[in-house]
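Given the coordinates of chain A, assemble chains B and C onto it according to the supplied hints.
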Amino acid sequence: MIDSKLARVTGAAMVLLLPLAACGGGGDVSEDTYELTGMVTIDGSSTVFPISEAMAEEFQIANSGVRVTVGISGTGGGFKKFCGGETDISDASRPIKSSEIELCRENGIEAIEIPVAWDGLTVVRNPANDWATCMTVDELKRVWQPGSSITRWNQVRPEWPDEEIKLYGPDTDSGTFDYFTEAIVGEEDASRDDYTASADDNVLVVGVEGDRGSLGYFGFAYYEESSDKLGAVAIDNGSGCVLPGRETIETGTYAPLSRPMFIYTKAQALAKPQVRAFLQFYLDNATIFVPEVGYVPLDGERYTGLLGTLNAN
Amino acid sequence: MNGERFQPNSRRRHRAGTIFKVVCLASIAFSILSLALLLFDVVRDGAGWLSIDLLTHYPSRIPARAGIKSAILGTLWMMGLTAAVSFPIGVGAAIYLEEYAPKNWLSRILQTNIANLAGVPSIVYGILGLAIFVRYFALGRSVLAGALTLALLILPVIIIASQEALKAVPGSLREASYGVGATKWQTIRHHIFPVALPGILTGTILSLSRAIGETAPLIMIGALTFIAFPPMSPMDPFTVLPIQIFNWTAKPQQEFHELAAAAIIVLLVLLLVMNAAAIFLRNRYQKRI
Amino acid sequence: MERTPEPGGAGLIPASSGEEFDLGHRARRRWGERVIAGALFFCGLVSILTTVGIVTVLVTESIGFFREVPIMEFLTGTRWSPLFADQHFGILPLLNGTLLIAFGAMLIALPVGLTSAIYLSEYASLNVRGVIKPMLEILAGIPTVVYGYFALTFVTPIIRTLFPGTGIFNAASGAIVVGIMIIPMVASLSEDALNAVPQALREAAYGLGATKFEVSTKVVVPAALSGVMASFILAISRAIGETMAVTLAAGATPKMTLSFFESIQTMTAYIVQISLGETPHGTLEYSTIFAVGLILFLITLAMNFLSQKVTRRFREVYE
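Protein chains in written order, with the working numbering: chain A, 1 to 313; chain B, 1001 to 1289; chain C, 2001 to 2319.
Okay, chain A solo, but in the shape it has when bound (with noise of 0.2 Å):
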């Protein structure tokens, strides 16, 4: 009868896919003396993101029975996430507030913090603009300000060209945004709204690298992976103008735009093998990716002490 061989054919085809997907998780046979399984769940920082990826990445290589997730919902919203309980480790481009460390403790969680690296957070233009290779931090605050009335370049300094200036930068729930604003307006959160603001870096990167008179900022990384699209800004804070780089940035002479990210985590965490042997490798590998990725690493003695905190708590 012609329903009854349909309906098996259509049957045996929809059940004939999901073995499939079974089929995807074995994944490579590894040597582990001891197979780690479960799964390990981060979010936070969209700039200190690139780092957990390529960690995440390369353990799950090394670990094929556990699962990392990474996500980039900003520095406040993984703490958010962090302190509700949901996630394991928490990104962060800036150190926790008292807020949310409040927030954790009325969940019962205290946040372990753990530096991993220094950022030099990077203004950045677009490569045709070959005025405004160096600015000083009252020029980018007269920009940046809330309620800043500036959309030309000459209204910045009155000898540079009368075009208009795209501005990009991260959204509110960012870490760089915090920083950015505390270190360049002087106050927290305090920023002018009329930009192009978003979560996703990519997006900024690929609007500065379009538009001839566009200025934006993000983390290092993000200006490294992209140096031959983007120009970097030099910044002047009162001794001369400062580009980023892995020196400046390591030994603090890029300010006030240098600072230090973090990870955290918590006791509840740790006590999952795969994430204790998650932050043990990120730390054992934080001096070969942090610098590919394109950051600055800190002190491979400094990453020793950090192991062994984490192996004391």
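Among the clues, some could well be false.
Straight-line Cα separation of at most 25 Å, SDA-like style, residue types lysine to any residue; simulated pairs [what the hints assert, rightly or not]:
{"no.": "1", "chain 1": "B", "residue 1": "K1184", "chain 2": "B", "residue 2": "Y1100"}
{"no.": "2", "chain 1": "C", "residue 1": "K2133", "chain 2": "B", "residue 2": "A1176"}
{"no.": "3", "chain 1": "C", "residue 1": "K2212", "chain 2": "B", "residue 2": "R1015"}
{"no.": "4", "chain 1": "B", "residue 1": "K1103", "chain 2": "C", "residue 2": "R2313"}
{"no.": "5", "chain 1": "B", "residue 1": "K1069", "chain 2": "C", "residue 2": "G2141"}
{"no.": "6", "chain 1": "C", "residue 1": "K2255", "chain 2": "C", "residue 2": "R2313"}
{"no.": "7", "chain 1": "A", "residue 1": "K81", "chain 2": "A", "residue 2": "L103"}
{"no.": "8", "chain 1": "A", "residue 1": "K141", "chain 2": "A", "residue 2": "N237"}
{"no.": "9", "chain 1": "C", "residue 1": "K2218", "chain 2": "B", "residue 2": "I1019"}
{"no.": "10", "chain 1": "C", "residue 1": "K2133", "chain 2": "B", "residue 2": "V1273"}
{"no.": "11", "chain 1": "A", "residue 1": "K81", "chain 2": "A", "residue 2": "F281"}
{"no.": "12", "chain 1": "B", "residue 1": "K1184", "chain 2": "C", "residue 2": "F2042"}
{"no.": "13", "chain 1": "A", "residue 1": "K81", "chain 2": "B", "residue 2": "S1233"}
{"no.": "14", "chain 1": "A", "residue 1": "K81", "chain 2": "B", "residue 2": "M1235"}
{"no.": "15", "chain 1": "C", "residue 1": "K2255", "chain 2": "C", "residue 2": "K2133"}
{"no.": "16", "chain 1": "A", "residue 1": "K81", "chain 2": "C", "residue 2": "Y2286"}
{"no.": "17", "chain 1": "B", "residue 1": "K1103", "chain 2": "C", "residue 2": "V2052"}
{"no.": "18", "chain 1": "A", "residue 1": "K81", "chain 2": "C", "residue 2": "E2061"}
{"no.": "19", "chain 1": "B", "residue 1": "K1167", "chain 2": "B", "residue 2": "G1092"}
{"no.": "20", "chain 1": "C", "residue 1": "K2255", "chain 2": "A", "residue 2": "A190"}
{"no.": "21", "chain 1": "B", "residue 1": "K1167", "chain 2": "C", "residue 2": "I2036"}
{"no.": "22", "chain 1": "A", "residue 1": "K272", "chain 2": "B", "residue 2": "L1139"}
{"no.": "23", "chain 1": "B", "residue 1": "K1069", "chain 2": "B", "residue 2": "G1092"}
{"no.": "24", "chain 1": "C", "residue 1": "K2218", "chain 2": "C", "residue 2": "S2125"}
It is worth saying that the hints were derived from the structure and are not from the lab.
Just chains B and C now, with coordinates in the frame of chain A:
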């Protein structure tokens, strides 16, 4: 009769006709040209990245290592679960509306409601899924939540297509079945449904192929996390081909754009296969009434 | 013994068989029928539940929003900055972006779609139709994220070459691509409407000496006007609800502008942006998803109702 003479103006009118025909042809050419340019753009960018590696690797920060394994498996999972939920409910609703419902104000409201649901933007379904499946039913950002949301999205289309298929069954078949004493359900199950099945399946497959390409509702459910593993259960986090394509397209590097194009080619091939299956089904079984 | 086929029986029972027909099955069968009918009714109910669900979710979460933001500010304010310290909740910039894209898309889709439909219905031979219709269906079946890719990697560079100074994110790119996406919808719905016009009308016009062009535009299209207008309205509704292409290509800056060469933000792109950033549940910012979603839903609902009404109102009934 007044003295004015009727001016046929044939030549001018025919010339206007020819111009209009050219305009119409230009429109058709515009559509075809757009399609050709789109496919050309995608193939040109992505063909270089098509390889077994693309299908067997997970996403990576390094373009040369990146692949769509988790996305394809996520898509297959999503398709399977969505079909499992939407097919029975959609066909059931269509059977109810066509065979059981009395033609009164209630069924007219149901019918209008379904037509309206078919026109609601997919992102509104995403909002619904986020609030109800992810939050209220606490399914989290799982394959199941995504599948239920997509099922709701394509349900109106399945219902409408199935209704058409059921309507096409000749009334004589029903009458004959009742005539020999069969109950309503027996009639439906043994006589009406088998005849309508090819049309129903065609409609379902076409709806599913639309579901596969949906991005917006799934972004709201699943968000853009880095996922380098396939789902193992309906409660797992997931990514699907359209989300992976969106992710890579939004990156600034040219290599990721090309990867996105390669993933698009895979998605289009998948859609082509599904649509071909639907058309094949329709042609093969249509003659048999 | 005389046997007559019993209604509700399992089938034809040979009159000559000596077996007793089991009447007990009847009650069980009737109960089984009821269960099945009930299950099918529930399936039909799911669609009502969906609508109820959409309305409930959008309205109840929006109530929380409107408790904090006066509705007049929402509907008439011209600044939209819910995520910043200086919060403004005027939806007009988002509405502006949406309507700008929809308008641009219509400039392309309506003329091209309608003339394509006229060609397919009045001029084309069956062979030509057999080739063109599948192509239009393919155009309709391409996922919107692919159109977004096409907009960003192909259309935007062309626009920037033709119009230097256009931003890398711009409304034109989004509008063009959405327009192309909608053409098949306009074409196929209009063609259905044109096909439904009885041949007799055409024959009569030819009989009076009209050219094909005149018949098509002065007789057939006006006769099919209700269907054609309904197709336009549905297409606009679809353009308003479009998400992925505009998210990728049109930008993330809500602003009031009539320029196609600037970056804007549509209502749909805003909703996506918020869910990417995962604003926490229960906050005012989170509830903006539902307030904007409510407006979007109401607009598309109104347009769908309008198209149904237009179909009924202007429909010319032929015997």
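### Query
Which earlier hints turn out false for this structure, listed by number in ascending order?
2, 6, 15, 23
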